[in-house]
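Trainee: Okay, here's what each chain looks like letter by letter:
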Amino acid sequence: MTIFVIQILNSFFYAAVLFLIAAGLSLIYGVMRIVNLAHGALYALGAYVSAWIVGSAIGHALEGNLGLAGVLLLLPLGAIAVAAVGALIEPTLLRPLYRRSEEYHLLVTFGLLMILEDVMKLLFGRTPLSAGAIMDRMGSIPVGRLMYPTYNLFVVAVGIAAAIGLWAFIYRTKFGVILRATSQDRRMAAALGINVSRVYVQAFAIGCFLAGLGGAVVVPAQAAVLGLGIEVLILAFVVVVIGGLGSLQGALVGALIVAFVRTAGIQFFPEIELAVLYLIAAAVLLVRPTGLFGRA
Amino acid sequence: MTMVMAVPAGTSIWRITIGSAIVLVILAILPQLVDPYQTVLLTYGLIMAIAALGFNLLLGYTGLLSFGHSAYFGAGAYLVAFIMRDFGAHSMELCIVGGMLGTLIIAAILGFVCVRHTRIFFGILTLALSQVLWSLAFKFFWVTGGTDGIRVPHANLTLLGGLVDFKGAGSFQRFIYAYYYYVLALFAVSTIILWVITHSPFGKALQAIRDNETRARFVGISVRRYRWIAFMISGTFTGLAGILWVPLNGLTTPDILYWPFSGEIVFMTVLGGFRSFTGPIVGAMAFNYLKTYAIASTEYWQLLLGVVLVILVMALPAGIVGTTARLAAKLGRSTK
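Those protein sequence lines, which keep their order, are chains Z and C. Under my numbering, read the first sequence as residues 1 to 296, first letter to last. Under my numbering, read the second sequence as residues 1001 to 1336, first letter to last.
Rather than coming from a laboratory, the hints here were simulated on the basis of the structure. Check the hints yourself; a few may be wrong.
[Unchecked claim] Over 10 Å on every C-beta distance to chain Z, these chain C residues come out as not near it, computed from the model: (1) Ile1016; (2) Leu1030; (3) Val1097; (4) Arg1116; (5) His1117; (6) Asp1148; (7) Pro1260; (8) Gly1263.
[Said to hold, decoys possible] Computed cross-link-like contacts, DSBU-like style, restricted to lysine-lysine with a CA-CA straight-line distance of at most 35 Å: (9) Lys1139(C) / Lys1330(C); (10) Lys1291(C) / Lys121(Z); (11) Lys1291(C) / Lys1330(C); (12) Lys1330(C) / Lys121(Z).
Model, not experiment: these values are computed from the prediction. Yeah, the Cβ is synthetic: ideal placement off N, Cα and C, and Gly gets one too.
Looking at chain Z on its own, in the form it has when it is part of the complex:
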């Protein structure tokens, strides 16, 4: 029974991280119709930057002044750095390509992925970086006869907060209205006086921020390694394909489905756990091309 509860908690932890990544991917596709192959690399960048900041903060014995809450507040700096990178990428690399066919979108973001992978190698070296100190400091709470890391529950809380925050942002603020209007009809939005270019930069930066936040919250639990982003991108794809590209609810439901199937898979059918996920994505694309929550 205890194992069962722990597996469920693990699934929620995993779903929270996947949701952050997939929501960013979906937001970017929803607004500018770009499938960003570099999205996983941006997630990895967030993980590296956060681990590096936390690592140097602890290394300089600042911990005494900062305290645990202070170190936790350092984590989102990685996400902010990724958002800044995104705000640079959109106007320089993506803006000239909106009129061209989507093959070029895939290619340019694939090139970006190659560049980012090596930039991370250049900046952070080949040794994995981790912010495990945070996880150790937060301790664990008893679940039945076993102990469960408190930090994982914190990540679940971040995921829930991000989901509510994003929903409120997109459906309850003026910027959200502008974002949705631009996503539905770019030309009409421009005709109504919306600065579409600025909305695009902002949307891309928010998408990148979410990817970076995913990396930032995962790095105390799991070290940042080279190739991290390549692996996670396909899982994020599976999430958005199941949920529907461009849909926020879809990203949430998709992340939960993928997380639970993966946890069950590792438990019951470890050899084909990944294959099952990809096959589910393929099946959803066949039966409902727009995903569970997508619009045509």
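Using the hints, position chain C against chain Z.
Mentor: Here is chain C on its own, set in the frame of chain Z:
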């Protein structure tokens, strides 16, 4: 979108034949002039050219961007490894026939699913299904060797039904020399077959589908079936490239099934220019040299290749062949 055809309608078949014959003769003489290392590089280039040509039947001629062609390349390579290890076969011809049949079946199954979609969904679907194969190769380590892969020693191989073998002294030297001509011959045959396919009524129908699906359907082309057939041909030729690649590499690992390798196939095709028949050949050869020298000269070769790709997409979307053709046309006009 501007169309740059490498072969303008007016060009006579003789000019193409003579041009290709000259290129073939040069390729046949080259190993006599360069050192063995260059011969190996050239062989890799020719193999990747077959993969890119096959891939371009979908991208350039049918208008479908597959981000999962690593599946067929990898399937070919793994099938050869299985045939040699589990059936104890030595004949390369047997490996080619078995490997191509196997890849054809895989391409037929995956293609049947994938051609139900176009554009971005086609890309994601091909990507997801190719990763099914990758995860199987990765996880079923007692069959596939996992990340260690399977060794395919060239010394166990015979060419031309056992006429040429590589036992005894100087095995590797003899192998790379003989294998170059073997690959060159298959490259020539593949190029001719694909040229005929793209210039046949079937190829014209594919181009009609690419340019306007609705009109193609109105003139009676069964769009989905044509796409499916193109998918199978494309996958099988990319599979052939994987089959030829594995004895030269000596090892097959899940890396060639992983999706960034699909990206490389797309990269080389676009580098050469996917709007022309010869573009993928030039692109694959150029990419092969570019990657080899980038890896040799810097630890950060991915960065270098990434920058090349971004510049290519931003500034030269027609690729090497397309851009050269345009420049040549401009020069021709100014001299008249």
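Trainee: If a hint holds in the structure, say so; if it doesn't, say that too.
Mentor: Quick rundown of the hints versus the structure:
no. : hint                    : in the structure
1   : Ile1016                 : 27 Å, holds
2   : Leu1030                 : 30 Å, holds
3   : Val1097                 : 28 Å, holds
4   : Arg1116                 : 6 Å, violated
5   : His1117                 : 6 Å, violated
6   : Asp1148                 : 17 Å, holds
7   : Pro1260                 : 6 Å, violated
8   : Gly1263                 : 5 Å, violated
9   : Lys1139(C) / Lys1330(C) : 54 Å, violated
10  : Lys1291(C) / Lys121(Z)  : 18 Å, holds
11  : Lys1291(C) / Lys1330(C) : 31 Å, holds
12  : Lys1330(C) / Lys121(Z)  : 43 Å, violated
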